[in-house]
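These protein sequence lines are chains A and B, in that order.
Residues in the first sequence are numbered consecutively from 1, following our numbering.
Residues in the second sequence are numbered consecutively from 1001, following our numbering.
It cannot be assumed that every hint is accurate.
Unchecked claim - Only some residues are given here: those of chain B computed to face chain A with a beta carbon under 7 Å:
1) T1027
2) P1096
3) S1182
4) V1183
5) Y1231
6) H1248
Unchecked claim - For the chain A half of the interface with chain B, some residues (derived, Cβ under 10 Å), not all of them:
7) C127
8) A132
9) A135
10) E143
11) V145
12) L151
13) L181
14) H194
15) V216
16) L219
17) A221
18) S222
As the list claims (entries may be wrong) - No farther apart than 20 Å at their CA atoms in a straight line, the calculated lysine to any residue pairs in the SDA-like style are these:
19) K182(A) to R1075(B)
20) K187(A) to R1075(B)
21) K182(A) to A135(A)
22) K1034(B) to Q214(A)
23) K182(A) to P1077(B)
24) K1014(B) to F1004(B)
25) K1014(B) to Q111(A)
26) K77(A) to I98(A)
27) K1034(B) to K182(A)
28) K1284(B) to H1267(B)
29) K187(A) to L1080(B)
30) K1021(B) to G67(A)
31) K187(A) to H161(A)
32) K1276(B) to S1230(B)
33) K1034(B) to K77(A)
34) K182(A) to L1080(B)
35) K1316(B) to R1297(B)
36) K187(A) to A1229(B)
37) K187(A) to A197(A)
38) K1271(B) to G1205(B)
39) K182(A) to S1087(B)
40) K182(A) to P1204(B)
Please keep in mind that the hints were generated in silico from the structure rather than gathered at the bench.
From a predicted model like this one, the values you see are computed outputs, not experimental measurements.
Built from N, CA and C at the ideal position, the CB exists for glycine as well.
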Amino acid sequence: MELKEDQHLVDLADREAREFVKARLSRRSFLSGLGVTSLVASAAPLAMAAPAMPEVTVAPAAEDAGGSATTLLVNGKSYDLGALDPRVTLLDALRERIHLTGTKKGCDHGQCGACTVHVNGRRVNSCLTLAAMVAGDEITTIEGVGQPGNLHPMQAAFVEHDGYQCGYCTSGQIMSAVALLKEPVGKTDEDVRHAMAGNICRCGAYPNIVAAVQQVRGLSASA
Amino acid sequence: MNSFTLERAQSVEKAIGAGGKFIAGGTTLVDLLKLGVETPPRLVDITRLPLAQLEELPNGGLRVGAMVRNSDLARHPLVLERYPVLSLALLSGASPQLRNMATTGGNLLQRTRCPYFRDPTYANCNKRNPGAGCAALEGHHRAMAVLGTSDHCIATHPSDMCVAMTALEATIFIEGPKGKRSVSIDDFYKLPGETPHIENVLEPGELITHVELPPAAKGQTYLKLRDRASYEFALASAAVVAQVEGGHVRSVRIALGGVGTRPWRSHEAEKALAGKAATPANFKLAAEAALKDAKPREENGFKVELARRCLARALKTATA
């Protein structure tokens, strides 16, 4: 499986495809199956095959050096993360330390919006936020917005309007959509599209996402 | 990512004396840390410093703290009323999430999106490795600058905010180990010349504390042209601040984005238009003056005509 992907990688010319394969390799199931060490080991040939790419980002384990005691307040609950390496982003802290994996890692460079969370009620890209810098702030993730059986109206609207296909961008889309309810956004579909521009959906579920957002705002999207 | 230490600055004085690289919104810096372009040993978090005020000045101008977030600046009632060009520029940039993070001071120091600068596997980048050459000159350069370039660097300045602030003739206030000083935004940025790694006049330890905008004429607009309608950098943009009386241009300030190695103030275009009738023919002449010294390369020649038309249209809107 690994070997096959490596070989495939060598043949791939374009960078986006290489990123995609790497993202697959660092998926949670793979990580928990093999452990961090073997992931790093198996990623080494990848790094040689694709020298232009930055190394696979894996949040360092508990024995971080050089960090100061960091406590994050997430969805109303306090998490003591010990001495956190200052390099750990909010995204990696949420997923790898607190194990709230609803927040997704897409591009990891602030270009796709999959990692969108709220800090003090405002939507931000958690991949470009250093976790230690938001210690003491109120962080809300998709898990804090609603739960199965108790969905936020925006979550229910996404279900009703099929505001997704593969679902990978969905938690980020919903976090953005919930935030824009409190922002000065105009009434038209065009206004919603502009306000949602920071969330990319490769499946192209945009018309359904706009419909879901407009329903929650009490406005109907013009089909 | 290289390892670094991170400390939270407790005061402006302590931040200046900390001897580290300042981090605020992180939208540029964390990205460049991940890419390995930036490798600072020490980061100083300045987000908790009391620099987030936005207040009216006695002369009708505006003082904007360095920690005011882009989204707050864009939506502030005084900005919407007196500096619509700034609001338009801010809202045309990045995404809502990034605008919630990015600060005024940080945006002034935004780094170029040149793909060769952003990829350390290319050793030949004079911005990263002074004297190592410029991969963009013979590489892909469709998005590169046509104004203010040199044989050492053709990287485009990416900011929208800075273009509006240049047309508004902002003054940047700085505090450092040697005390306080202020610099006009036009004097803040340096042309690449033979030293593209030196992008502005900031000296080690100096911190931008705030920006002041003088009162401005009412005729304002920001027009941004790009490959897609949102969440994209400018191929060409124009900020215009004009006053028209009796059909004539009494005063005008013009800045261009997406085409220069720095936010591009066009004194030539202003001179060509001052006192002239506000007509499409004169807007075209001004636009030609603005791009007169453009040095396009093989792939970015289209930017010259695009920028001309962008400016002519922005002048029409701002003087209507």
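A quick look at each hint next to the structure:
1. Interface restraint check: T1027(B) against chain A, minimum CB-CB distance 5 Å, threshold 7 Å, status holds.
2. Evaluation of the P1096(B) hint against chain A yields a held restraint, the C-beta minimum of about 5 Å falling below 7 Å.
3. Interface restraint check for S1182(B): the shortest CB-CB distance to chain A comes to about 28 Å, outside 7 Å, so the restraint is violated.
4. Look at V1183(B): its Cβ only gets to about 28 Å from chain A, farther than 7 Å, so that hint breaks.
5. The interface hint given for Y1231(B) holds, since its Cβ lies 5 Å from the closest Cβ of chain A, which is under the 7 Å cut-off.
6. With 7 Å as the threshold, the beta carbon of H1248(B) stays out of range of chain A, its nearest partner Cβ sitting at about 35 Å, so the hint is violated.
7. Against a cut-off of 10 Å between C-beta atoms, the interface hint on C127(A) holds, since the closest Cβ of chain B lies about 8 Å away.
8. The restraint placing A132(A) at the interface with chain B holds, with a minimum CB-CB distance near 6 Å, inside the 10 Å limit.
9. At its closest, the beta carbon of A135(A) sits 9 Å from a beta carbon of chain B; the interface hint therefore holds under the 10 Å criterion.
10. Evaluation of the E143(A) hint against chain B yields a violated restraint, the C-beta minimum of about 19 Å exceeding 10 Å.
11. Against a cut-off of 10 Å between C-beta atoms, the interface hint on V145(A) is violated, since the closest Cβ of chain B lies about 16 Å away.
12. Hint status for L151(A): violated, given a least beta-carbon distance of 23 Å to chain B, over 10 Å.
13. Because the beta carbon of L181(A) sits about 12 Å from the nearest beta carbon in chain B, more than 10 Å, this interface hint is broken.
14. Proximity of H194(A) to chain B holds as hinted, the smallest CB-CB distance being about 6 Å (cut-off 10 Å).
15. Restraint check, V216(A) versus chain B: the minimum CB separation of about 17 Å is more than 10 Å; hint violated.
16. Checking L219(A) against chain B: minimum C-beta separation of about 18 Å lies over 10 Å; hint violated.
17. Among the interface hints, the one on A221(A) is violated; its C-beta lies about 18 Å from the nearest C-beta in chain B, farther than the 10 Å criterion.
18. Residue-level restraint check for S222(A) is violated (minimum Cβ-Cβ distance to chain B is 18 Å; threshold 10 Å).
19. Restraint check for K182(A) and R1075(B): the C-alpha separation of about 13 Å stays at or below 20 Å, so the hint holds.
20. Distance restraint check for K187(A) and R1075(B): the Cα-Cα separation of roughly 17 Å lies within the 20 Å cut-off, and the hinted pair is therefore satisfied.
21. A hinted pair counts as satisfied when its Cα atoms are at most 20 Å apart, and K182(A) with A135(A) does not qualify at roughly 24 Å.
22. Distance hint between K1034(B) and Q214(A) is unfulfilled; the C-alpha atoms sit about 36 Å from each other, more than 20 Å.
23. Our distance criterion of 20 Å between C-alpha atoms is met by K182(A) and P1077(B), whose separation comes to about 17 Å.
24. Taking the CA atoms of K1014(B) and F1004(B), the gap is about 18 Å. The hint holds against a cut of 20 Å.
25. For the suggested pair K1014(B) and Q111(A), the alpha carbons sit about 34 Å apart, so the restraint of at most 20 Å is broken.
26. At most 20 Å may separate the alpha-carbon atoms for a hinted pair to count; K77(A) and I98(A) meet this at roughly 11 Å.
27. Between the alpha carbons of K1034(B) and K182(A) the distance comes to roughly 32 Å, so the proposed pair goes past 20 Å and is violated.
28. Distance check on the hinted pair: K1284(B) and H1267(B) sit about 15 Å apart at the alpha-carbon level, within 20 Å; holds.
29. Restraint check: the Cα-Cα separation between K187(A) and L1080(B) comes to about 19 Å, which is no more than 20 Å; the hinted pair holds.
30. Proposed proximity of K1021(B) and G67(A) is supported: the alpha carbons are some 17 Å apart, at most 20 Å.
31. For a cut-off of 20 Å, the pair hint linking K187(A) to H161(A) stands: about 19 Å separates their Cα positions.
32. About 35 Å separates the Cα atoms of K1276(B) and S1230(B), which puts this hinted pair outside 20 Å; it is violated.
33. The suggested pairing of K1034(B) with K77(A) is violated, with an alpha-carbon distance near 29 Å, which exceeds 20 Å.
34. Restraint check for K182(A) and L1080(B): satisfied, since their Cα atoms lie roughly 19 Å apart, inside the 20 Å limit.
35. Distance restraint check for K1316(B) and R1297(B): the Cα-Cα separation of roughly 29 Å exceeds the 20 Å cut-off, and the hinted pair is therefore not satisfied.
36. Proposed proximity of K187(A) and A1229(B) is supported: the alpha carbons are some 19 Å apart, at most 20 Å.
37. Distance hint between K187(A) and A197(A) is fulfilled; the C-alpha atoms sit about 16 Å from each other, no more than 20 Å.
38. Of the pairs offered as hints, the one joining K1271(B) and G1205(B) is violated, with about 38 Å between alpha carbons and a cut-off of 20 Å exceeded.
39. Under the criterion of a C-alpha separation no larger than 20 Å, the hint pairing K182(A) with S1087(B) is consistent with the structure, at around 19 Å.
40. About 40 Å separates the Cα atoms of K182(A) and P1204(B), which puts this hinted pair outside 20 Å; it is violated.
In this structure, the earlier hints numbered 3, 4, 6, 10, 11, 12, 13, 15, 16, 17, 18, 21, 22, 25, 27, 32, 33, 35, 38 and 40 are contradicted, and the remaining ones agree with it.
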